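**Student:** Here is what each chain is made of, one letter per residue.
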Amino acid sequence: MSDFLNPAFWYSVIRVSTPILFGVLAALLSSITGTINIGIEGMMLMSAFWGTIVASFAQNPWIGLLAGVASSIILAVILAYFHLKLKTDLVIGGVALNLLSSGLTVFLLYAITGDKGSSASLRSFTIPRVDIPLVKEIPFVGKILSGHNALTYIAILSVFVVNYLVKKTPLGIRMRSVGENPDAAVSVGISVNRMKFLSLILSGILAGFGGAFLSMGYVSWFARDMTAGRGFISIAAQALGGNSALFGAFGALLFGIAEAAGITLQSLRIPSEITNMLPFVLTIVVLVIYARSKIRSHSRIQEQ
Amino acid sequence: MKKTLLVLEFTRFVITVGIALLIGYIFLLFSTDKPYEAFKLFLTGPLTTQRRFFEFLNNSVPLMMTGLALSLVFQAKVFNIGAEGQLFFGAFGAMLFALNFPQVSWLHLIMTLIGSALFGSIWAFVPAFLRTKWKASELVSSLMMNYISYFLVLFLVNNYFRDKSAGALVSYRFPQTAWLSVITKYRLNSGLFIAVLLSILMGLLIYRTKWGYQIRVIGVNKKFGLYSGMRTMSIMFWVQILSGAVAGLAGGIELTAMYRRFVWQSLPGYGFDGIIVAILARNNPFLVIPSALFIAYLRIGANIMGRTTGVAPEIVIVLQSLMILLITAEALLEKFKQKAIAKEAMKGE
Chain A
1 MSDFLNPAFW YSVIRVSTPI LFGVLAALLS SITGTINIGI EGMMLMSAFW
51 GTIVASFAQN PWIGLLAGVA SSIILAVILA YFHLKLKTDL VIGGVALNLL
101 SSGLTVFLLY AITGDKGSSA SLRSFTIPRV DIPLVKEIPF VGKILSGHNA
151 LTYIAILSVF VVNYLVKKTP LGIRMRSVGE NPDAAVSVGI SVNRMKFLSL
201 ILSGILAGFG GAFLSMGYVS WFARDMTAGR GFISIAAQAL GGNSALFGAF
251 GALLFGIAEA AGITLQSLRI PSEITNMLPF VLTIVVLVIY ARSKIRSHSR
301 IQEQ
Chain B
1001 MKKTLLVLEF TRFVITVGIA LLIGYIFLLF STDKPYEAFK LFLTGPLTTQ
1051 RRFFEFLNNS VPLMMTGLAL SLVFQAKVFN IGAEGQLFFG AFGAMLFALN
1101 FPQVSWLHLI MTLIGSALFG SIWAFVPAFL RTKWKASELV SSLMMNYISY
1151 FLVLFLVNNY FRDKSAGALV SYRFPQTAWL SVITKYRLNS GLFIAVLLSI
1201 LMGLLIYRTK WGYQIRVIGV NKKFGLYSGM RTMSIMFWVQ ILSGAVAGLA
1251 GGIELTAMYR RFVWQSLPGY GFDGIIVAIL ARNNPFLVIP SALFIAYLRI
1301 GANIMGRTTG VAPEIVIVLQ SLMILLITAE ALLEKFKQKA IAKEAMKGE
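Residue numbers (the working numbering), protein chains in the order written: chain A, 1 to 304; chain B, 1001 to 1349.
Quick caveat, the hints were computed from the structure, so don't treat them as lab data. In this text, all values refer to a predicted model and were calculated from it rather than measured experimentally. Careful, some of the hints might be misleading.
25 Å max Cα-Cα, derived DSS-like pairs, lysine-lysine [as the list claims (entries may be wrong)]: (1) A:K85 with B:K1135; (2) A:K85 with B:K1347; (3) B:K1133 with A:K294; (4) B:K1133 with A:K87; (5) B:K1222 with B:K1135.
Pulled a few chain A residues facing chain B out of the computed Cβ check, cut under 8 Å [to be verified]: (6) G34; (7) K85; (8) K87; (9) I92; (10) V95; (11) L99; (12) L100; (13) L104; (14) V106; (15) F107; (16) A120; (17) E180; (18) I270; (19) L287; (20) R292.
Using N, Cα and C, we set each Cβ at its ideal position, and we do this for glycine too.
Bound-form chain B, shown alone:
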């Protein structure tokens, strides 16, 4: 029974990706003279050179973290999709700690990363508090917080932390003790290990602890949770705080490993990509790992295609949104699912 459902889930995934890629190909037909070459680059690009392969791995790190953050809140059916703003504010927090904390090796880096998680959860606190205290829609408020985060951080960084000797609008460089190391000459972000470890930990939290069980129950049926004595409001509040910490940490890791300054002048978009990562993983933290790798692969494939053929890589966002629609289409393949369940029931008699 479980096996049949698993096969169906997999079939759904294959159909979804198939349809999305087909539509992507149709778009390429209209926008370039060499659609086949472009498509081939898109699909195999990240594997063609070592540098590109590491680029793909590095891209998966923030996606894994934001996907993880969103899968936590989605588990509780809370639509706090402010991961983008939380990541941005978390990155700002990392910058504050990196520039101001005494330069003690290890401790400095750890405090910087904790700082980013702290700032991320501060940003998640607002929608979480408004939701649990006054029932204000966390969806709208978290989206507004994304814009506020963007303008506020940009204002603070550009006015108070700007390195005027640098050529571009960036903050002062972080001291070396706040650097997260990069491995090999291709600069593999060691945050990848943190992201994978955190995904596994969160998976255990969701599927192996009482608190995780409560989160899942609330996601399926909030009233049932309430009537069976769970403190639903408190759980919904804390899961958002936790999610904010993970999203903030994503910003901290990205800055301390890849840039070593605050470099963003626009929202990097990882928070929104995290939505598809979480949905593709069916909100399962364990599955967030392969899901983030998959999306990062498509992302980098599209970038490589864009660099070589002049097709805008934004096409991949279109494919992602189509995949979101198809994956969450509950009624798709529903007939087969019903049949499988009925068949199983007959067997039992």
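For reference, chain A alone in the conformation it holds in the complex:
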């Protein structure tokens, strides 16, 4: 129990929540226009791959980050083009992208490094950690909040930026109107396809950041299928938060706690297979709670 009062535990909660936080924002930005991005998992994986590879060749983590995000955007464009222009089913298109990333990253990893498992043979570059000057001095809290990867702070900042974008800006309102009632949106001159395209691209950018964090912050290498379901977990966490980036962030934190608790429990000799299951079981539980609350509010509206 004392482990949970340790600042190191809560520090690791924030660390493991970071990719899910990006994923939640990616899911939010796509779902507000009614085009839920199932391909977040694949976009993260692709970005994680290109991030490490390009960083290693350019000898600069920031160029790697840029390349990672760019690769994720390319996937988003492919999905948007196929879904909006060629009418591929959104879910199947997303599943196809996930498969594409899984296969392509292993293929290229082998072609570049001669290893199918990880990029450990390449020299790795990671996004630096940042100490926050004043916060660092605060006892307990300082140890939790300071000294994280720069991308973690970008993730926290993004929560507020996305929240503002969705709730307050004309663009956000237009995007939401497309999601809630496309016909009404068209009637006031909003291009539904353009909004959906934009929301998938924005989703791709954030998924890209999440993926780059995995291979250049969380660890310092790329491993095959290293996203390990985080994209799907993000989609469930976002559902928990509805249209609010702030609530979504709490959802991400919840999964972070589950994952960090799993790591802690392993030190208590609980088998790793069992603790590894925790976030996935939690996802299903959360999904059910969310779905039930939705049914209840539905029936309440009908009663009135």
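Fit chain B to the known structure of chain A by using the hints.
**Tutor:** Structure of chain B alone, referenced to chain A:
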């Protein structure tokens, strides 16, 4: 009219495969000095020796089963893509029955296979129940169930059923009465016959029975089904259970015929390959047979290429996903389809 549409469907297939192979070739250009040789091996590999040909047939068995499982749920537009986890849990179920059921010939094998189907449907039950009871997205929950299946089965097998005398992390060997036979010296998996038979049966179920008709109606227009008095929720539930049983059986057949132990330490991936098999077959169980053979052919071709030229065979996954995108692109060739329909309408006047 029907003929023109069929020609268009076929054209779409040819274009799709053509584009996918072209992109595959471009990838080879960048990753090997002898792209032509590699490509040739990829395309003709499974036909070069008898052993490779049987390897290709054996590979098609689990693909046919998972493709069949997914085509059933896709028919109802239910995205329970947990075939991977169901297959894994089904294989675990087969192991339980194979190791614990009395060794009566035939009965033992039959019970083992039924056990795998039972465990597969237990795994499909969770997303199906959550979906029909609380409307929780079956897509996300079935994917989560894949991971849970993986960790849970691995935990149980490695801790309670591990054969410590074997060199690797595998379960105890199944008794001989639980073996599904393999034919000829190249070890052809006789599960192939089960898979083909089951595909035909499911095809008849979908296209020749009332229940199958209801599944198809729900897939096209759920509201219409509901308003015309179908019990849509119950049908959507049972089709997932059935699909889980087929996927579980796939795991059971694979273990009882090919390995005779529980051997997997990672997810074998057949559940995800089943997605392309089902989509290529347009969710038609009859067409799942050629579709699975086609994908197995590409798979083994890529493996042979990988063994001889050192190109990672994972390239075939890239090709598969491109094919999924292109095949499901409804608007592709739409113009021609419209023209054909218009032409037909004019003729009628």
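**Student:** Would you mind marking each hint as holding or not holding in the structure?
**Tutor:** A quick look at each hint next to the structure:
This hinted pair does not check out: K85 of chain A and K1135 of chain B have alpha carbons roughly 30 Å apart, beyond 25 Å. As the CA atoms of K85 of chain A and K1347 of chain B are separated by approximately 31 Å, the hinted pair breaks the 25 Å bound. In summary, the hint linking K1133 of chain B to K294 of chain A is supported, as the alpha carbons are separated by about 13 Å, within the 25 Å threshold. Among the hinted pairs, K1133 of chain B with K87 of chain A is inconsistent with the structure: their alpha-carbon atoms are about 31 Å apart, more than 25 Å.
Straight-line distance between C-alpha atoms of K1222 of chain B and K1135 of chain B comes to about 14 Å, which keeps the hinted pair within the 25 Å bound. A distance limit of 8 Å between C-beta atoms decides the matter here; for G34 of chain A the minimum to chain B is near 14 Å, and the interface restraint is violated. At about 7 Å, the closest approach between the beta carbon of K85 of chain A and any beta carbon in chain B falls short of 8 Å, and the interface hint on this residue holds. Residue-level restraint check for K87 of chain A holds (minimum Cβ-Cβ distance to chain B is 4 Å; threshold 8 Å).
The criterion of a C-beta within 8 Å of any C-beta in chain B is met by I92 of chain A, whose closest approach is roughly 5 Å, and the hint holds. Look at V95 of chain A: its Cβ gets to within about 6 Å of chain B, closer than 8 Å, so that hint holds up. Given the 8 Å rule on beta carbons, the hint for L99 of chain A holds: about 4 Å separates it from the nearest Cβ of chain B. The restraint placing L100 of chain A at the interface with chain B holds, with a minimum CB-CB distance near 4 Å, inside the 8 Å limit.
Below 8 Å, beta-carbon pairs count as interface contacts, and L104 of chain A has one with chain B at about 5 Å; its hint therefore holds. For V106 of chain A, the interface hint holds, since its Cβ comes within 8 Å of a Cβ in chain B; the closest pair sits about 4 Å apart. At a threshold of 8 Å, the smallest CB-CB gap from F107 of chain A to chain B is about 5 Å, leaving the interface hint in force. Interface restraint check: A120 of chain A against chain B, minimum CB-CB distance 17 Å, threshold 8 Å, status violated.
Given the 8 Å rule on beta carbons, the hint for E180 of chain A is violated: about 19 Å separates it from the nearest Cβ of chain B. Contact between I270 of chain A and chain B, as hinted, is not supported at the beta carbon level, the nearest pair being about 11 Å apart and thus beyond 8 Å. Because the beta carbon of L287 of chain A sits about 5 Å from the nearest beta carbon in chain B, less than 8 Å, this interface hint is met. Interface hint status for R292 of chain A: upheld, as the beta-carbon distance to the closest one in chain B is roughly 5 Å, under 8 Å.
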